[in-house]
Each structure stands twice: as C-alpha cells, then as structure tokens.
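If you read the protein sequences in the order shown, they are chains P and D. Residue 1 is where the first sequence starts when you use the working numbering, and the numbers rise one by one after that. Residue 1 is where the second sequence starts when you use the working numbering, and the numbers rise one by one after that.
Just so you know, these hints were derived from the structure itself, not from any lab. Misleading hints may appear alongside valid ones.
For lysine to any residue, the following SDA-like pairs were computed, each having C-alpha atoms within a straight-line distance of at most 20 Å [stated by the list, open to error]: (1) Lys177(D) x Met349(P); (2) Lys114(P) x Lys177(D); (3) Lys30(P) x His88(P); (4) Lys321(D) x His88(P); (5) Lys177(D) x Thr138(P); (6) Lys117(P) x Lys177(D); (7) Lys251(D) x Ser264(P); (8) Lys207(D) x Arg348(P); (9) Lys321(D) x Lys30(P); (10) Lys119(P) x Lys321(D); (11) Lys207(D) x Glu106(P); (12) Lys114(P) x Lys321(D); (13) Lys114(P) x Ser73(P); (14) Lys114(P) x Ile199(D); (15) Lys321(D) x Thr138(P); (16) Lys177(D) x Asp136(P); (17) Lys335(P) x Phe318(P); (18) Lys177(D) x Phe318(P); (19) Lys321(D) x Ser73(P); (20) Lys309(P) x Arg348(P); (21) Lys321(D) x Lys182(P); (22) Lys321(D) x Gln56(P); (23) Lys309(P) x Ser264(P).
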Amino acid sequence: MVSPILELTDINKSFGHVQANKNINLKINKGTIHGIIGENGAGKSTLMSIVFGLYQANSGSIKINGKEINLRSPRDSIINGIGMVHQHFMLVENFTVLENIILGFEGETVFGEKLQKAKEDLEKLCQTYNFNIDLDATISDLSVGFRQRVEILKSLYRGAEILILDEPTGVLTPQEVDELFKILRSLKDEGKTIVLITHKLIEIMDLTSEVSVMRQGEMVGHTKTEDTSKEQLAEMMVGRSVLLRVDKKEIKKGETIFKVNNLSVKDDLDVTRVKDVNLEICSGEILGIAGVTGNGQTELLEALSGIRKVESGSIELFGEKISDHNNFLNPRMLKEKGLAHVPEDRQRMGLISDFKAHENLIFGYHDQEPYSKSAILNNKEITEYSNKVMQEYDVRPNSPNLITSNFSGGNQQKIILSRELNENPKVLLVGQPTRGVDIGAIEFIHQRLIDMRDKGAAILLASVELDEILSLSDRIIVMFDGKIVGEKENKNVTDRELGLLMAGVA
Amino acid sequence: MEFLSDIASLINSTLRISTPLVFAAMAGIFAERSGVIDFSLEGKMLMAAFVAAVGSYYLGNPWLGLLLAIIVCVCLSMLHGFASVTHKGDQVVSCVAINILIIGLTTALAAAWFGQAGLTPTLNEDQRFLEIHLPFADALRDIPVIGTLYSDILSGHYVFVYLAYLSVPLVFWIVFKTSFGLRLRAVGENPSAVDTAGINVFTMRYKALAINGVLIAFAGAHLSTAVNANFFREMSAGRGYLALAAMIFGKWHPKTALIACLLFGFTDALQIRLQGVELPAIGEIPVQLIQALPYILTVVLLAGFVGKAIAPNAIGQPYIKER
C-alpha cells in the first residue's frame, strides 16, 4: 500500500449560506495523476484553493506525507511543496516571465546576485522540461499556451511536489492540450504528483490513473480510472444517467436564408478582427464556427446581430440586404425580421444580473402585449408567462421573483434561451451556449438547438468547445485571425484536422 | 546679463514651487502603484501643513513639527486604508471624506487653539526651516555660468527642496530595483497573483500607504514651516490635485512624474513673473488669466495625453479574495 502524499479529512467550507465543501475526504497517492471531476459549482476549485492555502477551511484536517499541516496562506502550501495552476492565470501581464516567477520568492531585498542565480536555475529547469520559454519576454506578448507553461515553471521553481491544475485545457487548442499532457506525463515520470481538476470526461480517461467525483459540494466517489467509463463518471457527476451524444435526425436542408458577403469588422480599438468573411446558412441547418477564443468570432457575432458596425461587406436575410457599412438595422429591427441572438457573454449582454428572473424572461418584449399595455407592465400576465416558461425550460429553482444572479450558469442560460426561442426565430445566432453550464443543462440546451434546427431555423453556432461543434453542427467553418481558414461538412471530420486549422498551421 | 539672472531666478522659483508637487506625486505613486487611488493627497498635505506649524510652534523645533506631521499623515493614510482596503469601501469616496474632514478640522482647531479661524501664530526663526546657503555660494557668484548655476540656482533653498529632488531617484530605486518594489507593482496590477505567491495583499497596500503618508507630510511641512512661517486656511490650494495630475501625466513613473511636476512648477513661476508685464501688441495680460495658467495646462495635458497613460490594472478595485 502506497502512503498518500496528500490526505484531506472532513473538510468543510462555507461562503455565507452556501456550503461549497461538505465533509470532504480525499487521498492522493504520490507519483500519480489524480483527476477530480465535477460540474461547474461542484466545489472542485474551492477544495483545491483550500489545499493551496488561498481559502481556509471551516473545519477538517490536511496531511502532507502523513504530517498534519496548518495552511494559513499560499505561502505555507508552497513551502510544503504544493503548487497550483489556476484557471485564470495568476500572472502580472506587464511583468516579464522572470519577474512573475520570482515574485514573493526574491530571496533578497535589492535585486542582484540572487536574481542572476534564479535566472540560471530557471534556464536549467526550462532545458530539463523542454519548455522553450524566454525568461525576459513580457507575459502580454505570450500565447495562452506559453502563459500556462510559465505557471507550471513557476510552481516547479518554487519546489512543487504536488501540482494542482484547475481546468487547464479550457483555453487551449487540441495541439496545445497534447503538449500540456506530454509535460504532465513527464512530470509524473519524475515522481511528481499531479491533481487535475476538470469537467471534461475525456481528459480524465486520457490522463489520470485515479479519479474522484464531486457533486454539489460533496465527494461522491473515488475509483481507479481503468475501472470506470465516461458514462459511469457522467452519471456520478450529475446524479442521474446522461445522454452524452446528441440525437440528431438527418438534415433537411432548405433554401439559403442568411448570407454574409465579404464582411470585415473592427473592434473597439480599431483593429480589424473579422477579415473578408463569406458564409451562408440554409434553413434547417446548424453552421458551427470553431476557433480558439479571440479569433474574431465575438466580433462576427456582434456584427451579425446588429450591435457592432460593419466596416465593409454586407449581410443578407431572405435575400434582402439588412446591413452594410452605411445602413444597418438595429437589434430590435432584426428581431422583428426573425433574427434572434444568444450572446456569448451571458452576464454582460444576455442578462441584467440584478433583475428578477421574470424581468429578464420578457426583456426586449416587455413593451409588447400581453406583457404591457399603454406603457404599463402587466405583472399578472408576466408572472403567469414566467411560471409557464420556467417549467417548460426546467429552470431551477422555479421562482420568477428570484434575482437572476442567484441562478446557476446553466439556469441563467436557459432563461436567455427561452426568451430568444420564444418567438420562433428564422435565424438564430448562438455564442458559447454552454460555457460554464453543467452537464445536465448542456444536454437540455443542445436538444433545444436541435429542435430549432428541425423546425427549420438557420442556426449559427460559435463555440470554443470542439466537442460541442462536432456533435451539433451540420457544417463547420474554422476561424483563425479573423479569416475563415477552412470549411468542412461534418462527416468523418476529426478534431485533429480542426485543431490544425484552429492553430492556423494547416 | 540681466536676462541670464532672470532665467536663473525663474529656474530657482520653479524648483521651489515644484517641491510640494514632487513629494505629493511620489506619495501618490506609492499608493496608486499598489492599487489604491489617492485623491486625499490634497487633504493630507493640508493637515501636514497645519500639524507641522502647530507642532513647531509648541515644541520650538521645526523637525519635531515635521515628525508630528509624518505621524498624523501616516494615520490618515491608515484611515484611508481601513476604509478602502480592509472594508473595501469606495476609494474615491474615502478620499473625498478625508479631504472635507481636514478642511473643516484645521480651521476649527486653529480657531479653538489660537482664536483665529484657520490661522496659526507666526513662527520665529528657531521654529521654522531656513534657507540653506551652500558653502562658497557668495564667493563663487561672480564666475560666469557656473557661479550662477551654483549660487543662484542650487544654493539658497529650504531643506525640503533638496530632499524632494533626492526622493525621486530613491523612489525609482525602490519601485524598480527592489523586491518590495516588484511586489508593490504586482499588487496594483494583479493582486491575485500576489496573493497566490504567498504575499498578503492587504499588508502590501498598507505598507504602500504608510510610505505615502510619510512623503506627503514633507510637502505640507514645506508649505507651513519653510516657505511660509505659519499655517493659513486651505493653504495647500489644490497642489495635491495638481500633483495627482502630474503623476497621471507621468504615467505613474517617478521620472516622468518629476518632469510633469517641474512643468507645472514652471508655469506657476512664470505666471508670478508675468504679472504686470506688458507684452508688445497685446498689452498687459489680465492677472486672473495668468494665474489660471497651471490649471489650464493641467486640463489640456490630461485631456490630451491621459488617454495614452495606462493606469495600474487593479487600481480602484478593493481586493476580494473569496467570492
């Protein structure tokens, strides 16, 4: 029996009234890659932040190598050999790699000898792990993949024996994920212990040897990865059986109803982010846009939905030109013509978080009958409608008077979806429909999108989740640096192929 | 020759007038680099002036007055920190509260202690700082250029003037060449990065505010125990705000902030010099217009250049660790 390098006993943690971790017990063996899987909000990150000393547990004990330790701050954890790569990188963007790594562990008051020594040590580390990082580069000039390496290097330099990674692949291309996994495997071979937090089943199956599952703040199971399957893990995560593949009927393609000609769009900083894009969508079809975040998808969707100015080119709906550089319809007019938009950034553009659910459910239609009459809101009608639609979309809790920000991400998304689908749009623009949404809700949202398609809507789906694009789309285009760099029918296309296009190398 | 001495006296007064601005800008750099907005430079400068004047008057020694001003200003900075760092209050509101409090407090205390609203007794020579004449200043005066430079520009200033200009390289060194400076800059850019590096964000911000308090005390003491020999009502006259503008214009960098301070000092020196001067074709410029010059310049500079200045990323945001 191997003795665990990290052992958690009865960890409890509450934020206000919300109990994020309930009586958590966890053993992690030395030299393994241990996966912790669970839906968003299951308490994985909170638990690991406790191990990293960032949060303090309300009760419970933490043992490292059999010795109980008291973690009051990340400093204590780092000294005890724990390193963490956070989901949002903890880097100062206008600092160099070197400055970021030595921060807090400078070893001297005035920079001099130790700085030089640190540089030499780091160069050696980089060579050992084949990191290929320029220590004098500024973080803001580095790609996301490289920033993540800097984070790993930072932990290693600080002497990490246990490396915790929180959702490390969310922002990476498939190729970058491969690189990362290679690094993690080689770290394991060196005898380091790796804890991988993720909600992606495939990563667990790929990389880990043991896995622990969390649901709603509780640890619901531990198992060896070889003894389990994706389906089984998904069921443990959600608490009921889940459909992992989307059931999709054969496509019944209609005529082209949405057309984009030579579209170019600039962002707020006057940089051209969408470059000469052409696309067509037929009724009854889902067109998926794959691509790494920040390659123009955001600006494209904004321009198509009438909230960003078209720089050049034009957009046609049912053969009628609706936007070009000089004339454009605003979102309201577009809505009347049958175009609906589920924005990428739910919090900022999809909802008013401080409003009650029923207000968000009718927002945009609030001045139309039956929700209002002669500029006065008809609360009875609104409440009735809200109750009905929240039931239909399985929004939980089913309470129209609850403030929207108190709903989980998945339920907020359902609120937006119900509002946008309510009028049976002919064209539906959807950005990142399941970002931060739990598996149960993902299943529901995907089914709704498929239903819309089967009813004959033309759907444009932009997502950074390649799995989502592959399981929903009929046709896939890939955006890189504002341009469409590839178009494929969704038949026998692999994520490798798309990955190369997404990285701009194919 | 008269032209040269005109220039010399203009530079001389620029250095003197810029002094409180330089101290205040350096103080501002520490607070804002750590992520805490400091509009209360104005109020703290006023308080320092009052405390230094009163302290020197009762204790008979201007250095003790300065020490007292430092203590009080550090306390005020801690108050700002308590409201906006510990209790995560709005930083601007906290500053405005401090500024308003001090305008009233100084006036009221002066009235209570000395019977004159907002005025402290005149300090005698022992109770105030005097101009320092550098060695051989008189002997060297007649040597062309060097003599003017040494005797008329470098010599004959209050101790604060020298300290202010020495503080700039010191601040630069601390901010950019020490581990404290690295942590200071990091905490204003991305406090989470500092926290996960095992450094306490709150302690860092309090340390920065403490240094801020020390530096701003020098600015106030310069006004009431050096250039003037007493405190009078609202004697800081917007210098705190002007310094803040200089700091922003200088992109939170000590060297460029110094240049901005000197520029403001120069326009002020120029406006004093220009009063009553008749310009050919235009005639005498109204004194009000001339006096408004530094402020007009502030507006123009800030409106024109502040767009390019990139503030520390986390400025104005209280650090909230747990969601």
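Outcome of the hint check:
no. : hint                  : verdict
1   : Lys177(D) x Met349(P) : violated, 43 Å
2   : Lys114(P) x Lys177(D) : holds, 13 Å
3   : Lys30(P) x His88(P)   : violated, 26 Å
4   : Lys321(D) x His88(P)  : holds, 14 Å
5   : Lys177(D) x Thr138(P) : holds, 17 Å
6   : Lys117(P) x Lys177(D) : holds, 16 Å
7   : Lys251(D) x Ser264(P) : violated, 35 Å
8   : Lys207(D) x Arg348(P) : violated, 36 Å
9   : Lys321(D) x Lys30(P)  : violated, 30 Å
10  : Lys119(P) x Lys321(D) : violated, 31 Å
11  : Lys207(D) x Glu106(P) : holds, 18 Å
12  : Lys114(P) x Lys321(D) : violated, 31 Å
13  : Lys114(P) x Ser73(P)  : violated, 24 Å
14  : Lys114(P) x Ile199(D) : holds, 19 Å
15  : Lys321(D) x Thr138(P) : violated, 26 Å
16  : Lys177(D) x Asp136(P) : holds, 16 Å
17  : Lys335(P) x Phe318(P) : holds, 14 Å
18  : Lys177(D) x Phe318(P) : violated, 64 Å
19  : Lys321(D) x Ser73(P)  : holds, 12 Å
20  : Lys309(P) x Arg348(P) : holds, 19 Å
21  : Lys321(D) x Lys182(P) : violated, 33 Å
22  : Lys321(D) x Gln56(P)  : holds, 11 Å
23  : Lys309(P) x Ser264(P) : holds, 10 Å
Going through the hint list in order, the structure does not satisfy hints 1, 3, 7, 8, 9, 10, 12, 13, 15, 18 and 21.
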